[in-house]
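Asker: So the chains spell out like this:
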Amino acid sequence: MSVDTAPVEMTERSIVARSPGMRKVVHRLVLTVGPVLAALALAGLLLLALGVDPLAYYGYVINRGLLSPSGIQQTLTRMAPLLFLASGLIVAFRAGIWNLGADGQFLLAAVTAAAAGPYFAAIMPAWLAVVLAFLMSVLVAMAWSFVPALLRAYQGVNEIITTLMMTFLGTSLANVLVKLVFLDPGTTVPQTRTLPVEDRLPRLFDTTISSGLVLGLIAIVAVHLVMTRTSFGLRLRIVGANPRAAVHSGLAVPRLTLAVFALSAGLAGAAGAVDILGVQGNVRADWNPAYGFAVIPMVFLARFNGFAAIAFVLLLSVLSIGGESAARRLGVPNHFTLVLVAIVLIVLAIAEYIDHRFIQSRKA
Amino acid sequence: MSDLFSELFLGALLFGAMTAAVPLLLAGLGEQISEKAGVLNIGIEGMMIFGAYTGFVGAYYSGSLWFGFLTGALGGAVVASIMVLLCVRIGLNQIVIGIGLTLGFDGLTALLHHFQFSRTYPRLAAAEITAIPLLSDIPVIGPAFFRHHLLVYLAVLLVGVMVYVYRRTQLGLNLQAAGDKPAALDVAGVDVVRTRTVAVLSTGVLAGLGGAYLADVGAGIFVPFITNGAGFLGIVLAMLARGRPLWVLLGALVFGLCLSLTTALQVAGINIPTDVIQMIPFLAVMAMLVIFGRRSQLPAALGIPYVRGAR
Amino acid sequence: MKHVDNSIEAGGHPVIALERVTKRFPGVVANDSVSLAIRAGEVHVLLGENGAGKSTLIGMLSGLQQPDEGRILIDGQPVAITSPRHALSLGVGTVFQHAMLVPTLTVAENLLLGAAWWRRPRKDSLRAEVEELASSLGIRIDLDATAAELSLGEQQQVEILRALLRNSRVLILDESTSMLTPSGIDELGALMRRLVKRGLAIVFITHKLREATAFGDRISILKLGRKVGEIAPERFSALSEDDLTAEIVETMFGNRRSDPDATTRVGTQFPADAQPLLAVRDLCLAPSATSPGLSKISFELRAGEVLGIAGIDGNGQKQLAEVLAGQIAADSGAILLEGRPVDAMSVGARRDAGLRYLTDDRLGEGTVGAFPVSINFFLKQVGRSPFWKAGIEQGGEIDRRAAELVRDYDVRTPSIRTPIGRLSGGNIQKVLLARELSTGAKAVIFNKPTYGLDLANTLVTRQRILDAAASGKGTLVISTDLEELLQLCDRIAVMSGGRLVGTVANGPHAASEVGSLMIGLAA
Numbered sequence: 001m002s003v004d005t006a007p008v009e010m011t012e013r014s015i016v017a018r019s020p021g022m023r024k025v026v027h028r029l030v031l032t033v034g035p036v037l038a039a040l041a042l043a044g045l046l047l048l049a050l051g052v053d054p055l056a057y058y059g060y061v062i063n064r065g066l067l068s069p070s071g072i073q074q075t076l077t078r079m080a081p082l083l084f085l086a087s088g089l090i091v092a093f094r095a096g097i098w099n100l101g102a103d104g105q106f107l108l109a110a111v112t113a114a115a116a117g118p119y120f121a122a123i124m125p126a127w128l129a130v131v132l133a134f135l136m137s138v139l140v141a142m143a144w145s146f147v148p149a150l151l152r153a154y155q156g157v158n159e160i161i162t163t164l165m166m167t168f169l170g171t172s173l174a175n176v177l178v179k180l181v182f183l184d185p186g187t188t189v190p191q192t193r194t195l196p197v198e199d200r201l202p203r204l205f206d207t208t209i210s211s212g213l214v215l216g217l218i219a220i221v222a223v224h225l226v227m228t229r230t231s232f233g234l235r236l237r238i239v240g241a242n243p244r245a246a247v248h249s250g251l252a253v254p255r256l257t258l259a260v261f262a263l264s265a266g267l268a269g270a271a272g273a274v275d276i277l278g279v280q281g282n283v284r285a286d287w288n289p290a291y292g293f294a295v296i297p298m299v300f301l302a303r304f305n306g307f308a309a310i311a312f313v314l315l316l317s318v319l320s321i322g323g324e325s326a327a328r329r330l331g332v333p334n335h336f337t338l339v340l341v342a343i344v345l346i347v348l349a350i351a352e353y354i355d356h357r358f359i360q361s362r363k364a
Numbered sequence: 001m002s003d004l005f006s007e008l009f010l011g012a013l014l015f016g017a018m019t020a021a022v023p024l025l026l027a028g029l030g031e032q033i034s035e036k037a038g039v040l041n042i043g044i045e046g047m048m049i050f051g052a053y054t055g056f057v058g059a060y061y062s063g064s065l066w067f068g069f070l071t072g073a074l075g076g077a078v079v080a081s082i083m084v085l086l087c088v089r090i091g092l093n094q095i096v097i098g099i100g101l102t103l104g105f106d107g108l109t110a111l112l113h114h115f116q117f118s119r120t121y122p123r124l125a126a127a128e129i130t131a132i133p134l135l136s137d138i139p140v141i142g143p144a145f146f147r148h149h150l151l152v153y154l155a156v157l158l159v160g161v162m163v164y165v166y167r168r169t170q171l172g173l174n175l176q177a178a179g180d181k182p183a184a185l186d187v188a189g190v191d192v193v194r195t196r197t198v199a200v201l202s203t204g205v206l207a208g209l210g211g212a213y214l215a216d217v218g219a220g221i222f223v224p225f226i227t228n229g230a231g232f233l234g235i236v237l238a239m240l241a242r243g244r245p246l247w248v249l250l251g252a253l254v255f256g257l258c259l260s261l262t263t264a265l266q267v268a269g270i271n272i273p274t275d276v277i278q279m280i281p282f283l284a285v286m287a288m289l290v291i292f293g294r295r296s297q298l299p300a301a302l303g304i305p306y307v308r309g310a311r
Numbered sequence: 001m002k003h004v005d006n007s008i009e010a011g012g013h014p015v016i017a018l019e020r021v022t023k024r025f026p027g028v029v030a031n032d033s034v035s036l037a038i039r040a041g042e043v044h045v046l047l048g049e050n051g052a053g054k055s056t057l058i059g060m061l062s063g064l065q066q067p068d069e070g071r072i073l074i075d076g077q078p079v080a081i082t083s084p085r086h087a088l089s090l091g092v093g094t095v096f097q098h099a100m101l102v103p104t105l106t107v108a109e110n111l112l113l114g115a116a117w118w119r120r121p122r123k124d125s126l127r128a129e130v131e132e133l134a135s136s137l138g139i140r141i142d143l144d145a146t147a148a149e150l151s152l153g154e155q156q157q158v159e160i161l162r163a164l165l166r167n168s169r170v171l172i173l174d175e176s177t178s179m180l181t182p183s184g185i186d187e188l189g190a191l192m193r194r195l196v197k198r199g200l201a202i203v204f205i206t207h208k209l210r211e212a213t214a215f216g217d218r219i220s221i222l223k224l225g226r227k228v229g230e231i232a233p234e235r236f237s238a239l240s241e242d243d244l245t246a247e248i249v250e251t252m253f254g255n256r257r258s259d260p261d262a263t264t265r266v267g268t269q270f271p272a273d274a275q276p277l278l279a280v281r282d283l284c285l286a287p288s289a290t291s292p293g294l295s296k297i298s299f300e301l302r303a304g305e306v307l308g309i310a311g312i313d314g315n316g317q318k319q320l321a322e323v324l325a326g327q328i329a330a331d332s333g334a335i336l337l338e339g340r341p342v343d344a345m346s347v348g349a350r351r352d353a354g355l356r357y358l359t360d361d362r363l364g365e366g367t368v369g370a371f372p373v374s375i376n377f378f379l380k381q382v383g384r385s386p387f388w389k390a391g392i393e394q395g396g397e398i399d400r401r402a403a404e405l406v407r408d409y410d411v412r413t414p415s416i417r418t419p420i421g422r423l424s425g426g427n428i429q430k431v432l433l434a435r436e437l438s439t440g441a442k443a444v445i446f447n448k449p450t451y452g453l454d455l456a457n458t459l460v461t462r463q464r465i466l467d468a469a470a471s472g473k474g475t476l477v478i479s480t481d482l483e484e485l486l487q488l489c490d491r492i493a494v495m496s497g498g499r500l501v502g503t504v505a506n507g508p509h510a511a512s513e514v515g516s517l518m519i520g521l522a523a
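Chains as they are written, first to last, in the numbering used here: chain A, 1 to 364; chain B, 1 to 311; chain C, 1 to 523.
Among the clues, some could well be false.
[As the list claims (entries may be wrong)] Simulated crosslink set (SDA-like; lysine to any residue; CA at most 20 Å straight-line): (1) K123/C - V163/B; (2) K179/A - T274/B; (3) K123/C - Q266/B; (4) K380/C - K179/A; (5) K389/C - K179/A; (6) K380/C - A222/A; (7) K380/C - A262/A; (8) K179/A - Q266/B; (9) K380/C - R229/A.
These aren't lab readings, by the way, just hints derived from the structure by calculation.
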């Protein structure tokens, strides 16, 4: 509309004046927690339809995923790779790059860690072996994203399709490597050699929680601060929000694009590395937990905010650890977690839409 | 080793290629319709898996494959209608919702399968083959391409139909306009939202049908995650084909051949991990992109919800 | 004519009538109780500045928007026009300001859009129909050309044709002359006359007074969403053109007695041997699908000078600006700022050297709409001290300076944290002006600086340009608005098909000289 919107600003001002920061936070919180509860109720109806008592199920999941000592330790350990993946996705999505290839990057890094870890551990101190294996994994994941990065940066080829293809490729390649190159001759199961428990990432204090959790938390907080507080982060956000404004402002968009891919893939690689070096110890053939895909909704739910992402990753961990345990005990497959996550995502998106409409109609 | 090149082997290989190509073809053609109309349909994997489930359930309980295809197509359409409501009607982010739908229906069908079939793992009888007279008697080619379930021929025919629709019908014009300049379509008196609704629902029907074929004819059984990324392959095919249905067919056949080769080699007792062969088509496509990598000409309004009067 | 006539006059059956129509947007009353009657055989001019509510009125007539109050009558019957489709079926055809053709379809396919979806496009009968209609109107149209290949004027003709093919009884032309050459405007005027003679009702929207008096039968004047006056055909023909102009000016601008666009500045002559601030030599750029490229562009700009670039949109002006700013690389040629070549410099380095570019696309590339006003001031200085130190954002420093600029440039914003996309065009332009002019500017390129602004902001922006020149900056003003250039510039160069076809010193005869250069005649 060519209508001058000066009076709109007047209304804005009065709204802003009425809602100080605290109210905004409460509003956000209600807008997040409300839909999560609604989604839990909706998913509960599904359980009911399947003949499972939803209250018993949720109670069990919370108990096993959050309240029981072993459960919470597993949950916190599971958070480590998820936090790395989330931070990698935040970098990419904030810069407007749809890296859907996190799972491929994750798997190849995992295989690298599984191959390098035991090899290095045999010839050098364990801590150095872990550090070297970690760095190699990160580099491999970065390299794996290089072709989509180049194509996007210099040819404008859509990264959704290239990163998706690289995920398929990466999944297959990881299997090939496990079965043909790094196969452990000592076992009948096709898998890589196993990093001895004592050579893995140290556990926190007297618990079974992997120190990967600390690394993951550092990574996501660092990413959040870089994206919101530094000139580098601002440049990436400009590229993401308005690529033409980035060109106009003299930003080197292709180089920034390469940097985004490298960072995003590197963080996904770090996720694979901490999972192997901290928890799994090896990679079995056809192993693909598809964490990357499951984390995408969390990152959206957190609106690309690092701190909110920690909360959502915790939620996902509780649900999946609790869900895995419920699968064994209550006979509800942990696929239910996927359904729950999807319902949360959709309900939250709808809630945001309704909220937006409500604010608009109030302004009018 | 001479087995490798026997007629029988070649025939089986090509037959398998065709069988594997059909779901990809249907998904690719379906995705193409959405993309043409400006909707990036990442939810297609969810439409496919739900179509596979409902298609299997329909066929299993009715005893009729055709009824299964019908329920499969309907299942795909059900998921598509959620996409329509959230992305076309109220304009939520197409990538977020697409991924949400895929995850959700992957989970839901796995869950339903667990409660319904995980103890019995029921199988359907082998699909009835329609041999095309004369053509099916040609050596190698005949059994490979002309002894399939009727749906296979229909899927290939659909390629021609889509070419016709895009080039020669009002609907084709409308779809292209909805993707390239929706506002122009709107002022020409065609409802953009309705056009995109039709497009996404068609995608759902085709994806659901592809899923149903996969479960009912291809596998004869439903297992969780049976589509295994076929919907995503459909997205890749549609994006590479850029609006040309024939290219989708070509791409689907190449991918299908690679999938078939993996099984065929195993049968022939050659010990190459299936993964190596599965990598081939992706490697080929990536190599093509690197060598020819020009800008992919996607519809201008792809992924952008249409709001009347917004500038 | 001080009285406001809001009633529908008796006699002559209006095809469409608006009765006290009101339309509100959040915080704005775009149309306030407007009544209009559109009659067959008449060109009804809607005259008003940007922001007067013309576009909203058109939106309601063409079914894009619905009125909040009041009603629309068609042939005397109240009708709610619910969609563009509905408007078309009621016989209301609209040619929008921005081309509404699908660029990837052919002209024929564009004309066929809108038929029932199951039909086969009837290309053959269309060809016959178009042939007949086009020849009777004296226009030529290539049905097989792709819409993207057509000039804006040709696209407009296609859209007019489309409206006629749909048997429209009312044709609405929204700011149709803004993209046309002077001769193209005359052609459109003649076409409108032929159309009303066939019994069509035409609504012609413009903000240019001269076009209103030249092509109209009846003029309704809109101001800030209200109808403030109407001149009926009888009165129209009774008044001389000068009296008519005077009367309209008084209605539109109150006691300011002259058309603000009518003044012409007499250019300052700069001595030819003065050291040029910005020298451009033989700049070339290959043509692309959407632009004619640049061929051998050469000019010199002196400190304190305002050099205008006139020409129809899409003749390479944007490419010239972007090459100068460093956003695209020229194929050959040289750009010298104060005698030093800048060709090898990046966008940022050129900006640091004092070469500034104020883009015409304020929201598309000038700003990031979702970011706060404060950050948008410094979009071209990201990472620079004192706003960033060692890469860390210095929030306090940014806010302090942003507040200063908001004050100095009179940016009306609720706060410096407001997302800039929520501001009006005029206020966004002030942010851009502050960004380019505030420190270290030597030569500034203004691309269509007042496009889409209301009068107050247009005047503010023009004054900024003149002030910049007065303070010794060299300024290059690219504009499609000839009056604007006549008002601002010392010299005016004309650009056509990617080349500078001539330069004239501003003065009493500049308008006609520039006009003839634009249509390909030597000045």
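Asker: Tell me, in ascending order, the numbers of any earlier hints that this structure violates.
Answerer: Going through the list in order, the structure violates hints 3, 4, 5, 6, 7 and respects the others.
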